[in-house]
Amino acid sequence: MSKTPNARTLNTNQKNVVRIVLAAGATVATLIGAQTLAFSESASAAQAQNQVANTGSVVDPNGNTALTNNDGSTTLDSGSYQYSDDGQNQNSSGSYQNNSSSQSQIYSAPSQPFPLSRSSRRH
Amino acid sequence: MGNYTVQFTAMGSHIQAWLNAPSLQGSQILKSLPQWFEIWEAKFSRFRPTSELCDLNRHAGEWMTVSAPLYEVITLAVQGAEATGGLFNPLILPALRAAGYDHSFEAGDFVPGPAALARTNTTADFHEIGFRPADRSIRLPAHSEIDLGGIAKGWSAQQAAGILAALGPCLIDAGGDLVAVGSPDESGGWLVRIPDPRTSEIAHTVLLCDAAIATSGRDYRQWVRDGRALHHIIDPRTREPAASTVLSASVIAPGADGAEAEIWAKTMMLDPTRAHPFPALLFHDDGSIAMDSEFEALCRDEMQ
Chain A
14 MSKTPNARTL NTNQKNVVRI VLAAGATVAT LIGAQTLAFS ESASAAQAQN QVANTGSVVD
74 PNGNTALTNN DGSTTLDSGS YQYSDDGQNQ NSSGSYQNNS SSQSQIYSAP SQPFPLSRSS
134 RRH
Chain B
3 MGNYTVQFTA MGSHIQAWLN APSLQGSQIL KSLPQWFEIW EAKFSRFRPT SELCDLNRHA
63 GEWMTVSAPL YEVITLAVQG AEATGGLFNP LILPALRAAG YDHSFEAGDF VPGPAALART
123 NTTADFHEIG FRPADRSIRL PAHSEIDLGG IAKGWSAQQA AGILAALGPC LIDAGGDLVA
183 VGSPDESGGW LVRIPDPRTS EIAHTVLLCD AAIATSGRDY RQWVRDGRAL HHIIDPRTRE
243 PAASTVLSAS VIAPGADGAE AEIWAKTMML DPTRAHPFPA LLFHDDGSIA MDSEFEALCR
303 DEMQ
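Residue numbers (the numbering used here), protein chains in the order written: chain A, 14 to 136; chain B, 3 to 306.
If you are wondering where the hints come from, they were derived from the structure by calculation, not from laboratory data. Built from N, CA and C at the ideal position, the CB exists for glycine as well. Any given hint could turn out to be false.
Said to hold, decoys possible - Some chain B residues judged to face chain A by a derived CB distance under 10 Å, without partners named:
id: 1; residue: TYR6
id: 2; residue: GLN18
id: 3; residue: GLY63
id: 4; residue: MET305
When you get a sec, could you build the whole thing from the sequences and use the hints?
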């Protein structure tokens, strides 16, 4: 289990994100059960740049392109986190490659998105 | 509450997840999904030489300590093989490769591998896969190879849904196999459409709550080699692409069990007359559609 950032250094929005992350981390640890789990998060933008996920911009339901703090700084990337079920930080080992092709943008969606179930296909 | 979604590609498929959350900020966990799938794909992919699965295949005949996820998925695969009398068999990889499916469908037009590449005379006996829980080791039968394709994807969707479910109702679409938890509205679940594989028109709409649906079929991941139409559904009894009358099979498993849904969808492709534990819908080559009463009870066609 890696370190939690010092909450005293965070603004309100960042604290909220950290709370969400910590709750999610506890959930992951519970759900994965017997697996050894390392779950970390970072409030550092510099660290976030080195992380695989959470690299995209965010679009909120009102069409804003990103959530910002009152002071105008972007806070959402502070919610980045990663885990490895082997207890290793795969990013920091340098062996981890993100072959997922997309930036992980979040969009609002209708209450029933009606996805299709069909035989697996290439994207 | 609103629905928030993220989509990306992983495991050779389009992946999309929806989370019903009180705010955009409460849905930020969605941004981690690509990373989770990447971690799982790095373990389960047969197309990545560096994957844990490829390493295990290279060491067939030897005991090898593996990660908890790989141990779990192989355990589920063998349990599925037992439950289906071997119709679902994770050891069909040599036959799959011999049929030409020796590289990913992920990019560009698929050109099958040569027929002479890996002729196989037998399918290894899944009973010979050894498990040693004490040190989490597995031993594959010598000269065998394991493929976890669909079941690994179903398991990954289930894991992702399990994590997201702590934050709200959620739905994971892993290339057409879906895991649904809770309900985003008063309808009592997530509505999922099933197209007719011949026409692509919506044939049925089902309501899923705490359930998984997997669809296996011959309509995609197919190719022609030497004038013969081939596909990726291997019949372990013949070690050839299945000569099934079923074009696609959809199975709904309770408990958001994506792996079970995948196992039984593939099994129903191979033997549509087989007794099955979960609701099933079959599209046949002749245009007929068959569903059991349990599946029919989940249909909400008036809502499509």
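**Request:** Could you check if GLY63 of chain B really has its C-beta closer than 10 Å to a C-beta on chain A?
**Result:** Since chain A brings no Cβ nearer than about 24 Å to GLY63 of chain B, farther than 10 Å, the hint is violated.
**Request:** Have a go at the GLN18 of chain B hint: is there a Cβ in chain A nearer than 10 Å to its own Cβ?
**Result:** holds (7 Å)
**TYR6 of chain B as an interface hint toward chain A, with CB separation required under 10 Å** = holds (5 Å)
**Asked** Once the shortest beta carbon distance from MET305 of chain B to chain A is found, is it less than 10 Å?
**Response** holds (8 Å)
The structure shown violates just one earlier hint, number 3.
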